[in-house]
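Generate coordinates for the entire structure from the input sequences, incorporating the hints supplied.
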Amino acid sequence: MFITGAAMVLAALRLLRGPTIEDRVLALDTLYVDALALLVLMGIALESRVYFETALVMAVLGFVATVAVAAYLRRGRIMP
1095 MFITGAAMVL AALRLLRGPT IEDRVLALDT LYVDALALLV LMGIALESRV
1145 YFETALVMAV LGFVATVAVA AYLRRGRIMP
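The numbering used here numbers the first residue of the sequence shown as 1095 and each following residue consecutively.
Keep in mind the hints are simulated off the structure, nothing from the lab. Since the structure is predicted, the reported quantities are computational estimates derived from the model, not experimental observations. Be a bit skeptical, because a hint or two may be false.
As the list claims (entries may be wrong) - Have a look at the derived ranges for each label pair, beta carbon to beta carbon:
#1 1095 with 1155: 15 to 25 Å
#2 1142 with 1117: 33 to 43 Å
#3 1144 with 1171: 35 to 45 Å
Virtual Cβ for every residue (Gly too), placed ideally from N, Cα, C.
Here you go:
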């Protein structure tokens, strides 16, 4: 879990200091994937299904958010 926490700190630094918006979007995507990994590891360690369910919901929301931001960056709007 320490390595996942360190990866989250590094992704947060890139999110704050990214020179371009694309770097920041990628850092945010990496940050939520690291958070998913942390939730799954906590679910395994504590033997609780709540963490897995939370990780699943968070993964779906993160995917939708990434697609929406990519559409906004490409077209300047989210909906066609």
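Hints, verified against the model:
1. 1095 with 1155: 15 to 25 Å: holds, 22 Å
2. 1142 with 1117: 33 to 43 Å: This hint holds: roughly 35 Å between Cβ atoms.
3. 1144 with 1171: 35 to 45 Å: holds, 37 Å
Violated hints: none; the structure is consistent with every hint.
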